[in-house]
Amino acid sequence: MSRLEIRSLTLENYRQYAGENEIKLQTEGDKTVNVIQGENGAGKSNILNAITLCLYGKESHLDETKDNELESYPYVNRKALDEVGDNETAEGRIEITLGEDEPEYIFSRSFKTVKLNGGGFSSQYGDLQLKEKRGGDWKSVEHVSTRLNQILPVHVHQYFLFDGERLDEFFGEGYKDRVKDGLLDVSHIELLENGIDHLGSFEGDFEKELSDVGDAAERKRKEYENAKEKVNNLKGDLDQTKTNISDTKDHIREIDDRLQDSADPEVRKKQQRREYLTERLGDIRGDIQEVRKEASRELVKAGTPLYAVQSLEYTLSELKELSEQGKLPPKIQDTFIEELLEKGECICGEDLTEDHREHLLSLQQEMSTVVETNLEGKMAIPGMLQDAEEHAETLIEKRQKLAKLEEKERQKNKELNEISEQLKAHDIPEDVDVQELEKQRTEYEDQLEDLQERKGKLEVRIEQAEEKRDDKKKAFNEEVSKEEKNAEVLKKIQFIESSRDELESMKDDIVSSVREEIETKMDEYFNEIIWKEENYTVSLTKEYQVRVVGPRNDNKIGSLSAGERQVLAFSFLAALTSVSGFNAPLVIDTPLGRISSTPKRRLAQNLPEYINDTQMTFLMTDEEYTDEVRMNMKPHMSNEYRLDFADEVTEVVPYE
Amino acid sequence: MSEQIYEDTSPGRDYYIQEDKHDLYKELQNSEESPFTEAELNEIFVFAVAYGSRKAGRTPIDGSGRALFNRGALNDQTFWLIRSIAVAEERTTDVLIDGKQVKEIAEEYANGGITELHSKVFGPGDPLVELSDDVIELAQEQSSD
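Each protein sequence line maps, in turn, to chains P and U.
The numbering of the first sequence is the numbering used here, which starts it at 1 and goes up by one.
The numbering of the second sequence is the numbering used here, which starts it at 1001 and goes up by one.
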């Protein structure tokens, strides 16, 4: 199977690379891996930078902590700049040849640096050029960015061309946004999003066509616009609150993990007891919610007739009185009239005259409208009161059950508070500051409670605001549709709305299925690479929260080591590249940087198999590229280079 | 007994509430702390009629009205509750032929009742506990009669 590869990378006078340096990277068969080894500062990161500068016009891998002298490097190599005078310019070029079975695209970008008076430099780069091989000839491509977007779009390149050492930052604070962006980036939903945006702007245009609608409609339009804005603002608040809740929970989990790792067995025991109690408390609260719902249903059923009991009893007594007075005849009389009419003869034997018939018919009519109804009431009211009594009895039972559950909740809470107080008073010096952690934990718990209350209120407010918005929209539409020409436009708007809803639903389905696919792959990769003997479950929630659940059913995301976070991020990125569908090469700088020896070996060994049929170029330090790692990678290796750095110039030489 | 002569009228299709009280209904139906989250709007309305008849009194609809539900949503027992409120109000069963009047009485009790009920639910204390204590007491009074 063919794969799109970087067949060669040419660096001409770029940073450490003086003169023309061609690095051949074409791979063969199953040997999909290239390694370029170099010490820090030799120019590994600049190979990655050269690729992103050439393709996307930016060096996305500047690293202040690693190559802090990088900023002082101009684009053009220093040696080349030494040969030009002040205010003179030196030039350079980066060229990338891409192709599957043969060279197909040559991307190139030139750059220049002006040597300024006083020792400074000013660098700038030119436009991206592309030549494409068509029918054996190389032809210049006009719309270069369009072609590049088909190969590896700018928003996706960061999942193919990245710095491994930075991966451990990926799952730091605010990671959910990065996960969400990654997932959306590889979901190929741009077309749907464009469609949704396009329909949105179309709708806006049509709404503008509804101008000249008169003051009343204009007023309603403003009300509708304000209502829309209110909904959007509230939704923004809700998103932020949810993020805060999730972050606060992560902080609490992190503290719990640290307490669990305390050297003091007493602290560990208390923490374990707290975990058990918290779990039980969750169950009890679930039961309380359920019983409250049941009691509420009984309250509504019992309360309605009982609050109206005086009216019901009064009416019943009135109906009974009517019945006693013969004004509410028993059911038999209705049948009796019908029989008389059918026979046409009175009980005295006399034939019924027309007058008699009319009288009987009017009696029957009156009974069917009022008396019949009243008869129903005479039966319905006692039934209602009887039901009310039964519902009230059930309500009493539910209240008793609720009281028992609430007592259990109080007991559990009391014990939890005692644990917290004991931990706050813990003054045995050790590596984990138990007192301080427990104080922070209490603060986070309080914060969480406030946030959850806020979330609940916001959700209610959003629902109300949406309803108001829909009402305002309806009112506006009603007003403008009074004009026939507007009615036509409104029909179009409604059509656009339903189309947009359809696209939104398609988008949700796609994102949801991509999320599930990424979750499965992430779980698989993480467990393959991670060194723990226990099995971890990695999940990716709808809210883009990543959970790494350990054997104790606890989320470890907040307490992973730097290496573990790097493995997790790597698993996520590998899952992204795998499901992205882009057949693009991977270039990873410092891929094993913070990973300890066992997973390092596993990663080196298994990576080519995880990511099938993809060219992988690793830029590795001496510490990473140990003999063991090299041995593990050997079966998959196509090209192996070393960077020789001396006198501010790097030379790329084949590995011996 | 009332001397009023009632006309035979149809109640019309929809039950109306005061426009600006719609939010009270929605809040009672949607808020987590409300015991009415499982109830339909028509059930909250009838509860408000009954509650209003006991706790608030008739309050005419002020300003514009808004249809809350269709009478088809009510069952026979609920109709009798609404009719009973009208009979007790007018002190005669004669009112029952005047469907419009029966409905209007219910709407006005609901109008007073919903405000009172909303205050109760969102006021101090646990609304489920407070309301169910009240209802249980009514049931006990009822069974002791």
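Hints were generated in silico from the structure; no laboratory data involved.
Take the hints with a grain of salt, since some may be wrong.
Quick list of the computed label-pair ranges, beta carbon to beta carbon [unchecked claim]: (1) P:ASP501 x U:ASP1014: 38 to 44 Å; (2) U:PRO1060 x P:SER499: 42 to 48 Å; (3) P:GLU449 x U:VAL1129: 32 to 38 Å; (4) P:ILE288 x U:PRO1060: 27 to 33 Å; (5) U:GLY1065 x P:LYS235: 48 to 54 Å.
No farther apart than 27 Å at their CA atoms in a straight line, the calculated lysine-lysine pairs in the DSS-like style are these [stated by the list, open to error]: (6) P:LYS58 x U:LYS1026; (7) P:LYS492 x P:LYS222; (8) U:LYS1055 x P:LYS455; (9) P:LYS424 x P:LYS222; (10) U:LYS1026 x P:LYS473; (11) P:LYS457 x U:LYS1026; (12) P:LYS230 x U:LYS1055.
Ideal placement from N, C-alpha and C gives every residue a C-beta, glycine not left out.
Evaluation of the provided hints:
1. P:ASP501 x U:ASP1014: 38 to 44 Å: This hint is violated: roughly 28 Å between Cβ atoms.
2. U:PRO1060 x P:SER499: 42 to 48 Å: holds (46 Å)
3. P:GLU449 x U:VAL1129: 32 to 38 Å: Since P:GLU449 and U:VAL1129 have Cβ atoms about 21 Å apart, the given range 32 to 38 Å is violated.
4. P:ILE288 x U:PRO1060: 27 to 33 Å: violated (41 Å)
5. U:GLY1065 x P:LYS235: 48 to 54 Å: violated (31 Å)
6. P:LYS58 x U:LYS1026: Status violated; Cα separation ~53 Å.
7. P:LYS492 x P:LYS222: Holds, because 21 Å separates the two Cα atoms, which is no more than 27 Å.
8. U:LYS1055 x P:LYS455: violated (33 Å)
9. P:LYS424 x P:LYS222: Answer violated: P:LYS424 to P:LYS222 is near 56 Å, above 27 Å.
10. U:LYS1026 x P:LYS473: Cα-Cα ~19 Å, so holds.
11. P:LYS457 x U:LYS1026: holds (13 Å)
12. P:LYS230 x U:LYS1055: Violated, at roughly 36 Å.
In summary, the numbered hints that this structure violates are 1, 3, 4, 5, 6, 8, 9, 12.
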